[in-house]
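Participant: Counting in our numbering, the sequence shown runs from 1 upward without gaps.
Quick caveat, the hints were computed from the structure, so don't treat them as lab data. Where is the CB? At the ideal position from N, CA and C, for every residue including glycine. A portion of the hints provided could be inaccurate.
Across the chosen pairs, the derived CB separations fall in these ranges [said to hold, decoys possible]:
| id | residue 1 | residue 2 | range |
| --- | --- | --- | --- |
| 1 | T550 | R350 | 19 to 27 Å |
| 2 | P578 | T737 | 24 to 32 Å |
| 3 | K749 | R702 | 31 to 39 Å |
| 4 | G197 | Y235 | 44 to 52 Å |
| 5 | Q548 | T263 | 20 to 28 Å |
| 6 | D650 | T572 | 35 to 43 Å |
| 7 | Q755 | E467 | 40 to 48 Å |
| 8 | T231 | R657 | 52 to 60 Å |
| 9 | E343 | E536 | 46 to 54 Å |
| 10 | T267 | T572 | 20 to 28 Å |
Pairs of lysine-lysine residues, derived as BS3-like cross-links and limited to a Cα-Cα distance of at most 27 Å, are as follows [as the list claims (entries may be wrong)]:
| id | residue 1 | residue 2 |
| --- | --- | --- |
| 11 | K475 | K577 |
| 12 | K700 | K730 |
| 13 | K539 | K475 |
| 14 | K351 | K385 |
| 15 | K442 | K385 |
| 16 | K749 | K574 |
| 17 | K442 | K475 |
| 18 | K577 | K749 |
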Amino acid sequence: MSGDSSIPLRELSPQQHSSSSSSSSSGGEEGDSHSSSLSANLATRSPWLNSGLNANGVLSPRQVRNQTNLTLSPAESRSTRPKRKQRLGESESESDREDDGESTRASATSFDDILGDNDNDNIIASERRTQTAASSGRRNLLSRLLNPGGGYSPVDVENGRNRNRRLRGRKYIEPIWSRRMLLLPGILLLSMAALAGIVAAVAWLRELWEHPPAAINTALFPSGIDKARLTAGQYAMRLIHTNDVHARFHPHDPAGDTCDPSTFLPTANRSRCLGGSAYIKSVVDHLRGGDGVLNSLLVDAGDEFQGSIFHTLFAGNVSARLLNAFAYDAVTLGNHEFDHGPELLAQYLRKVHAPALCANLHFLTADIPELQSAIQPFAVIDRHKVGIIGVLTPDTLASSRVGPSINITDPIEAINRVRAELNQRGIHRIIVLSHMGYGFDKQMAEQLDSGISLIVGGHTHSYLGEEDKAETSRKPLGPYPTWIANGVDREWQTAIIQAKSYGDYVGYLDLVFNDDGSLDSQLTQGHLVLVDVVSEDSKTRGLLPSTQITELLRPFEAIAAEFTEAVIGSATAKFAKPEGRQDPHEIAIGNLITDALSWGADKENRSNPITIIGTGSLHRGLPQGEVTRGDLMRTMPFDDVLGRVRLRGDVIRSILRNGNGTAFSTLQMSGLRQTSAADIEVRVGVSKGDARPVIGNWEKLRNDGEYEVLAPMFVLNGGDQLIPHSVADKLTPAIATDSCRDIVEAYFKRFSPLQPILDHRK
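When you get a sec, could you build the whole thing from the sequences and use the hints?
Facilitator: Printed below as a string of structure tokens:
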């Protein structure tokens with residue numbers, strides 16, 4: 001090449017560089033000419049580089065790295081770059097304009113080839129500045145993003161350094177598709193994405209409008225424990241608890257009638273819509289909070305059975321599914337869990353995932369292996385190093401169908417024994433699940449050895465804590481928690497809690513354990529949360545139900561609705577039922593039920609039996625007009641077997657004195673009336689058979705006379721202490737019928753319309 005046609009340094013292509021190098025090494029004339037031309041060119045552009053040229057007229061890599069101002073002006077860049085081949089029908093000026101970016105990229109690659117593999121960061125930075133100026137206005141963001149070739153983009157100043165390193169020594173390949181050709185598909189894709197985002201946003205806003213966020217007062221739910229105040233040996237966790245749910249899976253008003261929170265309108269006589277498993281689950285989820293299951297325990301203190309149509313139709317199947325869905329950590333047995341006998345209880349417990357605990361349940365024989373293997377005296381929750389013991393009231397032997405193979409022993413002895421075993425295992429945080437009743441829990445806590453941290457109670461449906469407007473029938477029986485001192489020096493404090501019944505409340509207690517397993521009474525605190533999503537003064541107002549539980553209950557609800565809506569008879573007037581369990585007066589609904597039981601157990605016999613029930617077993621009256629099966633089930637939520645015994649007159653007198661005095665409930669009777677403390681009469685000469693029973697003659701009760709007495713097995717076994725234990729323990733009742741409620745339904749179907757009748761007893 002001649003000197004007047006020398007190529008600027010930054011425009012050398014790889015081929016030209018190769019040719020130049022080979023010529024130079026051979027010492028040819030053409031190579032010398034090229035070197036001279038290159039040197040002159042560099043000297044012209046940057047005279048201070050003259051001293052840095054080597055014998056071949058090329059800068060050494062070190063010298064290149066030390067220079068920072070080797071920059072061509074845009075005009076020089078455009079005037080000296082090679083032109084691409086002109087397309088057919090295209091003017092030279094058009095070819096120049098369209099090929100502007102590609103030539104710049106090619107020149108950058110050529111410059112890398114000249115430098116080889118050495119670090120040329122400073123030169124590259126200068127190169128990028130030149131390329132940016134040359135390409136200004138010709139490349140937009142979209143074209144860079146849609147670059148299909150994946151090569152170096154001249155205008156990518158921020159990432160150019162790293163990309164240039166990756167491309168060092170490579171040749172740039174022009175993509176087959178022009179980037180301009182991809183603009184339209186790119187715009188379409190972005191438009192579709194934007195449209196999808198708008199649709200999603202509209203759907204989210206609609207969901208927010210139809211289902212607003214829960215207006216739950218979360219001030220109650222965060223842990224009240226100030227962890228900064230905890231000492232080195234203390235441990236904090238949250239305990240969540242329920243008890244005596246009694247298969248009340250639907251929201252209900254205080255009278256026990258089912259209500260729908262979405263349509264419920266509070267009135268003076270029907271002020272609240274409480275509970276419901278789907279809402280209870282939402283409360284539990286809130287209580288578990290951000291720490292989730294790992295930092296909490298969920299336990300139940302018994303009596304899942306009896307109390308609603310769900311249990312009547314499905315026994316324990318629905319209860320087991322719900323316990324599993326809630327993910328309870330442990331449960332204990334209630335007395336009603338034995339109402340259908342040990343065999344059905346064993347089937348139920350096989351379906352429950354949580355351990356069933358009862359330390360004072362003893363199997364006298366090995367004829368119920370399935371139940372024996374399903375019940376444990378205690379469980380250890382490893383994640384908290386907490387031991388949980390279960391105990392059951394010994395009264396269950398009299399009030400339910402435990403069977404001859406099982407004995408229920410002293411709970412205090414059982415707790416002390418298991419506590420010692422847990423201590424030997426290194427477990428000192430110990431919780432007792434007790435189905436004994438609040439009063440007995442306090443007595444038990446006083447007599448226990450030190451070492452029991454907490455008693456979670458049930459059985460007596462006790463409300464603890466501050467006075468609540470929702471509690472129209474009773475005031476709090478004690479504080480939440482109740483602290484009881486025990487042990488030899490009376491310095492150990494055991495806490496007692498209970499959460500009333502039917503899922504009206506969910507309790508939670510934030511526990512702070514000391515290193516010896518005792519609770520810090522100053523830091524340990526909690527509340528009962530009222531599950532009322534309707535009332536304005538409720539802290540859970542607006543809480544949404546758990547969709548998991550709603551879907552779980554749906555198939556059972558359809559069957560239950562069809563069953564309960566069936567009409568079984570009618571009434572000429574309302575059968576009223578006053579509030580409370582100990583109303584001593586005669587009530588028409590009590591006469592109706594006892595008359596029906598007398599008829600059902602002795603349809604053909606003219607023995608004129610005496611029938612007694614407890615007022616507490618009747619939860620409400622019956623309406624005037626049509627009476628449905630659901631109405632009857634709400635009146636008699638606890639079904640039972642009807643038993644038969646023969647008693648002397650003096651024993652009957654003692655039962656009347658006990659039933660209207662020290663018992664938990666009062667008596668409702670058929671075939672027997674008491675006009676004064678001494679004057680007791682029995683009914684005789686009642687017409688039965690196909691005709692409806694009518695009031696017959698009355699005669700004095702003889703002390704030495706023997707009479708047939710009918711009653712639910714719960715009563716005959718000493719339940720509610722209607723029959724003194726001194727009497728009940730000697731009775732061996734026979735089963736008269738399988739279901740008291742079925743007898744009353746048959747009575748309605750046979751003799752409707754029914755009229756309220758009073759015997760005018762005192």
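Participant: Would the pair K577 and K749 pass a check requiring their Cα atoms to be no farther apart than 27 Å?
Facilitator: holds, 22 Å
Participant: Under the criterion that the straight-line Cα-Cα distance not exceed 27 Å, is the pair K351, K385 satisfied?
Facilitator: Judged against 27 Å, a Cα distance of about 26 Å means the pair holds.
Participant: Look at the Cβ atoms of D650 and T572 and judge whether their distance stays inside 35 to 43 Å.
Facilitator: holds, 39 Å
Participant: Does the Cβ distance between Q755 and E467 fall inside 40 to 48 Å?
Facilitator: holds, 42 Å
Participant: Is K749 close enough to K574, meaning Cα to Cα at most 27 Å?
Facilitator: This hinted pair holds, its Cα atoms lying about 17 Å apart.
Participant: That 19 to 27 Å hint for T550 and R350 (C-beta), does it hold up?
Facilitator: holds, 26 Å
Participant: Just tell me: holds or violated, for the beta carbon distance of E343 and E536 against 46 to 54 Å?
Facilitator: Given range 46 to 54 Å: holds, Cβ gap about 48 Å.
Participant: Starting from the hint 24 to 32 Å, judge whether the C-beta atoms of P578 and T737 obey it.
Facilitator: holds, 28 Å
Participant: Take a quick look at whether K700 and K730 sit within 27 Å of each other, Cα to Cα.
Facilitator: holds, 26 Å
Participant: Against the 27 Å threshold, does the CA-CA distance of K442 and K475 hold or violate the hint?
Facilitator: With a Cα-Cα distance of about 18 Å, the restraint between K442 and K475 holds, given a limit of 27 Å.
Participant: Okay, T267 versus T572 on CB: inside 20 to 28 Å?
Facilitator: At 26 Å between Cβs, range holds.
Participant: For T231 and R657, compare the CB-CB distance with the range 52 to 60 Å and indicate the outcome.
Facilitator: holds, 58 Å
This entry satisfies every hint, going by the numbered hints stated previously.
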